[in-house]
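Required output: the full structure, derived from the provided sequences and hints.
Taken in order, these protein sequences are the chains called A and B. If you read the first sequence in the working numbering, its first letter stands for residue 25, the second for the next number, and so on. If you read the second sequence in the working numbering, its first letter stands for residue 34, the second for the next number, and so on.
The hints are simulated quantities; they were obtained by calculation from the structure and are not laboratory data. Ideal Cβ placement from N, Cα and C applies to all residues, glycine included.
The following label-pair restraints were derived from C-beta to C-beta distances: (1) 79(B) x 68(A): 38 to 44 Å; (2) 113(B) x 89(A): 44 to 50 Å; (3) 113(B) x 68(A): 15 to 21 Å; (4) 101(A) x 109(B): 35 to 41 Å; (5) 74(B) x 94(A): 14 to 20 Å; (6) 160(A) x 105(B): 43 to 49 Å; (7) 84(B) x 161(A): 27 to 33 Å; (8) 168(A) x 109(B): 47 to 53 Å; (9) 79(B) x 146(A): 24 to 30 Å; (10) 157(A) x 106(B): 38 to 44 Å; (11) 102(B) x 86(A): 32 to 38 Å.
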Amino acid sequence: MTRLIATYAIGLIFGAGIVLSGMANPAKVLNFFDFAGTWDPSLLLVMVTALAVTFAGYRLVLRRPGPMFETGFALPSGTRIDRPLVLGSATFGVGWGLSGFCPGGLLPVISTFRGEVLWFTAAMLAGIAIARLARRSLTLGLAQAT
Amino acid sequence: MMTGFTPLAATAGGALIGLASVLLMATLGRVMGATGILAGVFAPSGPRDLDWRLALLAGMMTAPFLWLAATGAMPVIDVPVSRASMVIGGLLVGIGVTFGSGCTSGHGVCGMARLSPRSITATAIFMAFTALTVFVTRHLIGA
Numbered sequence: 025m026t027r028l029i030a031t032y033a034i035g036l037i038f039g040a041g042i043v044l045s046g047m048a049n050p051a052k053v054l055n056f057f058d059f060a061g062t063w064d065p066s067l068l069l070v071m072v073t074a075l076a077v078t079f080a081g082y083r084l085v086l087r088r089p090g091p092m093f094e095t096g097f098a099l100p101s102g103t104r105i106d107r108p109l110v111l112g113s114a115t116f117g118v119g120w121g122l123s124g125f126c127p128g129g130l131l132p133v134i135s136t137f138r139g140e141v142l143w144f145t146a147a148m149l150a151g152i153a154i155a156r157l158a159r160r161s162l163t164l165g166l167a168q169a170t
Numbered sequence: 034m035m036t037g038f039t040p041l042a043a044t045a046g047g048a049l050i051g052l053a054s055v056l057l058m059a060t061l062g063r064v065m066g067a068t069g070i071l072a073g074v075f076a077p078s079g080p081r082d083l084d085w086r087l088a089l090l091a092g093m094m095t096a097p098f099l100w101l102a103a104t105g106a107m108p109v110i111d112v113p114v115s116r117a118s119m120v121i122g123g124l125l126v127g128i129g130v131t132f133g134s135g136c137t138s139g140h141g142v143c144g145m146a147r148l149s150p151r152s153i154t155a156t157a158i159f160m161a162f163t164a165l166t167v168f169v170t171r172h173l174i175g176a
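Listed below in structure tokens is the structure:
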């Protein structure tokens, strides 16, 4: 139970950071990327600060034998720069540029039930489902071909 | 639509995002990646893999109400694009983060903090394509 209460509190800290920083406000996000127009540099500070705190904090945490409530750290282990990573990231960038929402900026404000937020959420979930199906059939196709 | 430069809120907000990322690693040993946390809800490896995701999401979604209690208003969410842009954008974000294995929080913050070559590459690519998309929609098509 302590584990879930702690996790809930961490979610609340993350959500508060997202809301305070402006990451959940598409107008602000899109202006950060609009260097040739109404540029708003705020998001640069959000990313640099979040990265600096995480960089320093990870160095302290990952020195420990393991996390508080689990037996080990679950760190992504892949190192290969492959086609899905490159094309997926480019696709995500186009979507972020069209809408102004990234998944981290979106999740905390789904609970506002704003119309545009719900439209984006439904479309994003559909996109995730489509990509998972496509990836599964790609993997199956490769398995059958060999 | 102009938005004002908000250096204090941006820095404090970024620090909270970083703090949450560090705390999630210290407690559950997990990366604070919105994509992975959400995707795992639909395909958890067991009940112990689902409960923390739901608790984390519940905490995130409490934030707007904390904001309401603190400031007297819901968070500002200005959407300066059409509904079609939101829907197409949402689809592309969902497809992109699934194939790209992450987004701004997972690759841009947690992965970059671990100096992961995959995350550094992914972040450089999506930031460039986001800027390019904004330039095309605002200055080439929308001009």
